[in-house]
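Participant: As you go down the protein sequences, you meet chains A and B in turn. The opening residue of the first sequence carries number 0 in numbering that gives the first Met the number 0; numbering runs sequentially from there. The opening residue of the second sequence carries number 0 in numbering that gives the first Met the number 0; numbering runs sequentially from there.
These aren't lab readings, by the way, just hints derived from the structure by calculation. Honestly, I wouldn't trust all of these hints.
Derived DSSO-like pairs (lysine-lysine); straight-line CA-CA distance at most 30 Å [claimed, not checked]:
#1 381(A) <-> 264(B)
#2 57(B) <-> 337(A)
#3 381(A) <-> 353(A)
#4 381(B) <-> 281(A)
#5 353(B) <-> 264(B)
Computed from the model, here is a short list of chain B residues facing chain A with C-beta under 7 Å [claimed, not checked]:
#6 42
#7 77
#8 110
#9 111
#10 216
#11 291
#12 294
#13 297
#14 298
#15 307
#16 308
#17 318
#18 336
#19 337
#20 338
#21 383
Restraint ranges, calculated between C-beta atoms of paired labels, are given here [stated by the list, open to error]:
#22 202(B) <-> 2(A): 52 to 62 Å
#23 356(B) <-> 2(A): 48 to 58 Å
#24 143(B) <-> 99(A): 56 to 66 Å
#25 349(B) <-> 128(A): 47 to 57 Å
#26 198(B) <-> 203(A): 35 to 45 Å
#27 54(A) <-> 356(B): 31 to 41 Å
#28 319(A) <-> 89(B): 20 to 30 Å
#29 353(B) <-> 319(A): 39 to 49 Å
#30 121(A) <-> 202(B): 50 to 60 Å
#31 349(B) <-> 32(A): 52 to 62 Å
#32 198(B) <-> 331(A): 32 to 42 Å
Glycine included, every Cβ here is placed at the ideal spot set by N, Cα and C.
2 protein chains.
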Amino acid sequence: MLKLPSGYSVYTTSASIKKPGRKDIGLIFSDRPAVYSGVFTKNVIKAAPVNICIKRLKDKKNIRLVMVNSGNANACTGDDGYKDSIYLLKELSKKFNVNEDECLPLSTGVIGVRLPVDRMVSSFANLVLDEPEEFAKAIMTTDTFPKYAYKEILIDGKMVTITGFAKGSGMIHPNMATMLGFILTDASISMKISQKILKSVADNSFNKISVDGDMSTNDSLILLSNGASDVEINSKNYDIFYRAILEIAKELSYMIVKDGEGATKVVKIIVNNAYSVSDADKIARTIANSLLVKTALFGNDPNWGRIVASIGYSGALKIDEKRIKIIINDILVFKDGKPTDFDKVMLSNSMKSKENIIIVDMGIGIFNTEFITCDLSYDYVKINAEYTT
Amino acid sequence: MLKLPSGYSVYTTSASIKKPGRKDIGLIFSDRPAVYSGVFTKNVIKAAPVNICIKRLKDKKNIRLVMVNSGNANACTGDDGYKDSIYLLKELSKKFNVNEDECLPLSTGVIGVRLPVDRMVSSFANLVLDEPEEFAKAIMTTDTFPKYAYKEILIDGKMVTITGFAKGSGMIHPNMATMLGFILTDASISMKISQKILKSVADNSFNKISVDGDMSTNDSLILLSNGASDVEINSKNYDIFYRAILEIAKELSYMIVKDGEGATKVVKIIVNNAYSVSDADKIARTIANSLLVKTALFGNDPNWGRIVASIGYSGALKIDEKRIKIIINDILVFKDGKPTDFDKVMLSNSMKSKENIIIVDMGIGIFNTEFITCDLSYDYVKINAEYTT
Chain A
0 MLKLPSGYSV YTTSASIKKP GRKDIGLIFS DRPAVYSGVF TKNVIKAAPV NICIKRLKDK
60 KNIRLVMVNS GNANACTGDD GYKDSIYLLK ELSKKFNVNE DECLPLSTGV IGVRLPVDRM
120 VSSFANLVLD EPEEFAKAIM TTDTFPKYAY KEILIDGKMV TITGFAKGSG MIHPNMATML
180 GFILTDASIS MKISQKILKS VADNSFNKIS VDGDMSTNDS LILLSNGASD VEINSKNYDI
240 FYRAILEIAK ELSYMIVKDG EGATKVVKII VNNAYSVSDA DKIARTIANS LLVKTALFGN
300 DPNWGRIVAS IGYSGALKID EKRIKIIIND ILVFKDGKPT DFDKVMLSNS MKSKENIIIV
360 DMGIGIFNTE FITCDLSYDY VKINAEYTT
Chain B
0 MLKLPSGYSV YTTSASIKKP GRKDIGLIFS DRPAVYSGVF TKNVIKAAPV NICIKRLKDK
60 KNIRLVMVNS GNANACTGDD GYKDSIYLLK ELSKKFNVNE DECLPLSTGV IGVRLPVDRM
120 VSSFANLVLD EPEEFAKAIM TTDTFPKYAY KEILIDGKMV TITGFAKGSG MIHPNMATML
180 GFILTDASIS MKISQKILKS VADNSFNKIS VDGDMSTNDS LILLSNGASD VEINSKNYDI
240 FYRAILEIAK ELSYMIVKDG EGATKVVKII VNNAYSVSDA DKIARTIANS LLVKTALFGN
300 DPNWGRIVAS IGYSGALKID EKRIKIIIND ILVFKDGKPT DFDKVMLSNS MKSKENIIIV
360 DMGIGIFNTE FITCDLSYDY VKINAEYTT
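Next comes chain A alone, as it looks inside the complex:
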């Protein structure tokens, strides 16, 4: 069963934002001020709640309450949308006896529609203390399963708990599109270290996944640390704590790809021995985003030529066709600038698995990286052709 770190509780209610009667509001409450850090969409056009979260970060606020709604992104709603989110926080802060500027709003769903603030405020009367799994469900949109992970680790002889939630299945891109993520811990941590950890964790988890290459106006990943475990993170225990947070983030980001709109399989793209960090990143990202690679994966088609073509236009600085090796599910398919004599039928059969691994060895340097992507199926088109209509 999913556990929350000490001092946190979650609440849910239904404001019938998109579907009547559906639980669509979830709250995270901390019984004491939690140190807060966040990383947000790089999209220039940001939703109102994202702008509020960024303001709180700049103002170095500690956080007591996070309000999340699904069904409506409150994006492209102008100044009115900003006021709507602030108004909701004001109402909630009264109810929970906290300050308005200790509250964060996050929204996900359709773009360009005003939030039904009256219905939402009315729904606050029905907020109930709920199981953490129910919070994960309340924030889902096109997700087909709730996404959460948790971990208890012993640090300095005391137990620290880390619990993560995420939502997202479409508009997913290395830069974290339409993705909401929350990592809660009862460790005690400075604001500076918190932000440093979160930035690095995001770059190595949520920023290395891809579903469709689009980037939303609402992406947010938030880390709250309320210190209730009485364990302080310092230079000695930093590594173990960092690794635990990273593992949670990787688990959550993996789930997002697995739940990629219409995806039938998850594909790990491993790039080894690239000339630079940037080259490794560009190559993995380009393969992970290639529609031709993604449709070939859907069709169990060992079309290594599309992988080679992607490497070629990735923008990587150093590429020597003759040094590249490509291995799909343990079978070497390309070497010395040409295909090997591999068994196409056997490889195609192995590609039917729910997990595929493509290794690209550039043979030209020492830098490695790993991306997680998924295939592109008929259902991706179906889901996205029919979203608002």
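Dock chain B against the given chain A, drawing on the hints supplied.
Facilitator: Only chain B this time, still in chain A's reference frame:
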């Protein structure tokens, strides 16, 4: 009926490269040396024939013969593939009594498979002088219709003919992926002006279209000018000639998008009043490549939010959400940072048309551009999931 410029003829034959009995080799022959210029894929990994074409360009060769085959791209075939193309040219050059280095090879089709050179050489015995339309058919791969255009213009009192051919329907990207284009003219033109015209024409036609954002190893656009009309292009008649070439190139590139794999409609993306040329280009390109925009177009879904999100992550330097206007098929849908009160059903109905126009007015500068893209349908996935298997 399609006409060739003076001095050119085309030949075809079948080497059963991929499908038995299919016409899959087309030749362009000029009865005198033609000035040659070309622009090629920016993919670092280039097919053997592309490398040969680039070598001829560097060596400033005039051209007498162009050999094109469909069914096999001769890409990722190592040094052997290079030798294969050279061997074929040698055989052909004997037959047509020209020098081997006056011949260009171009290939399109599957990657990583050696050309069936013996079958191809045998097929040369059956080469027949053919109608120009048949050349256009012989170079098709997943194309559903042959692509050609021609134009006669009066320059300095004499008739100049320009005839263009193209093939391509998948792997199409602003950088001209798996696209072959040929523009033939009987004007007389210097090598320098020829290359200048072709580069500018490509940037304003083939480099402004997008089907799936992938870029092939084989893209090539070639201009041949054999001077048979006795009209010399100079600074006085340059403009009229340039415009005619551009029009042919635009017609051909439009056809490629129209024939985009699985496409049900063509969509013009017009970006006006951007801050810079580069911003206009980035914005148009990002919208044209967004899977979410393309699937919404397929579903006749006036989902302007996805257009706004694309603008936001386009990487354009200056974006002011409140100054952006978005017009879909003459209906203003977004203004002052929020949606207008447009009639969704009416707009959705208008989107069922085979031609859609999206205008994005950035309201922040004076630079305009235009891209041509298509929607993304189930059939794109089907075609590309089943290509090699």
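Participant: Please go over all the hints and tell whether each is borne out by the structure.
Facilitator: Hint by hint, here is what the structure shows:
The straight-line distance between the Cα atoms of residue 381(A) and residue 264(B) is roughly 17 Å, inside the 30 Å bound, and the hint therefore holds. The straight-line distance between the Cα atoms of residue 57(B) and residue 337(A) is roughly 26 Å, inside the 30 Å bound, and the hint therefore holds. With a CA separation close to 21 Å, the supplied pair residue 381(A) and residue 353(A) stays within the 30 Å bound. For the hint pairing residue 381(B) with residue 281(A), the CA-to-CA distance comes to about 27 Å; that is within 30 Å, so the pair holds.
This hinted pair checks out: residue 353(B) and residue 264(B) have alpha carbons roughly 4 Å apart, not beyond 30 Å. Interface hint at residue 42(B): satisfied, since its Cβ lies 4 Å from the closest Cβ of chain A, which is below the 7 Å cut-off. Interface restraint check: residue 77(B) against chain A, minimum CB-CB distance 4 Å, threshold 7 Å, status holds. A least Cβ separation of about 3 Å between residue 110(B) and chain A falls short of the 7 Å threshold, and the interface hint therefore holds.
A hinted interface residue such as residue 111(B) counts as satisfied when its beta carbon comes closer than 7 Å to some beta carbon of chain A; here the least separation is about 4 Å, so the hint holds. Residue-level restraint check for residue 216(B) holds (minimum Cβ-Cβ distance to chain A is 5 Å; threshold 7 Å). At a threshold of 7 Å, the smallest CB-CB gap from residue 291(B) to chain A is about 5 Å, leaving the interface hint in force. Because the closest C-beta pair between residue 294(B) and chain A is about 4 Å apart, less than 7 Å, the hint holds.
Restraint check, residue 297(B) versus chain A: the minimum CB separation of about 5 Å is within 7 Å; hint holds. Taken as an interface hint, residue 298(B) checks out: its beta carbon lies about 3 Å from the nearest beta carbon of chain A, inside 7 Å. Annotation: residue 307(B) was flagged as interfacial toward chain A, and the flag holds, the nearest CB pair being 5 Å apart, inside 7 Å. Contact between residue 308(B) and chain A, as hinted, is supported at the beta carbon level, the nearest pair being about 5 Å apart and thus within 7 Å.
The interface hint given for residue 318(B) is met, as the beta carbon of that residue sits about 5 Å from the closest beta carbon of chain A, less than 7 Å. This hint holds: residue 336(B) has a C-beta 4 Å from the nearest C-beta of chain A, less than the 7 Å allowed. Interface restraint check for residue 337(B): the shortest CB-CB distance to chain A comes to about 4 Å, inside 7 Å, so the restraint holds. Taking 7 Å as the C-beta cut-off, the interface hint given for residue 338(B) holds, the closest approach to chain A being about 4 Å.
The criterion of a C-beta within 7 Å of any C-beta in chain A is met by residue 383(B), whose closest approach is roughly 4 Å, and the hint holds. Range check, residue 202(B) to residue 2(A): Cβ separation about 59 Å, and the 52 to 62 Å hint holds. With their beta carbons about 54 Å apart, residue 356(B) and residue 2(A) fall inside the hinted range of 48 to 58 Å. As the Cβ distance of residue 143(B) to residue 99(A) is approximately 60 Å, the hint placing it in 56 to 66 Å holds.
Between residue 349(B) and residue 128(A) the beta carbons are some 50 Å apart, a value that agrees with the proposed interval 47 to 57 Å. Our hint of 35 to 45 Å for residue 198(B) and residue 203(A) holds, since their Cβ atoms are close to 41 Å apart. Distance hint check for residue 54(A) and residue 356(B): the Cβ-Cβ separation is about 38 Å, which falls inside the suggested range of 31 to 41 Å. Evaluation of the 20 to 30 Å hint for residue 319(A) and residue 89(B) yields a pass: the beta carbon distance comes to about 29 Å.
The hinted range of 39 to 49 Å is satisfied by residue 353(B) and residue 319(A), whose Cβ atoms lie roughly 45 Å apart. Hint check: residue 121(A) to residue 202(B), Cβ distance near 57 Å, so the stated range 50 to 60 Å holds. Distance hint for residue 349(B) and residue 32(A): a CB-CB separation of about 53 Å, consistent with the stated range 52 to 62 Å. At about 40 Å, the beta-carbon gap between residue 198(B) and residue 331(A) stays in the expected band of 32 to 42 Å.
Going down the numbered hints, you'll see the structure goes against none, and every one checks out.
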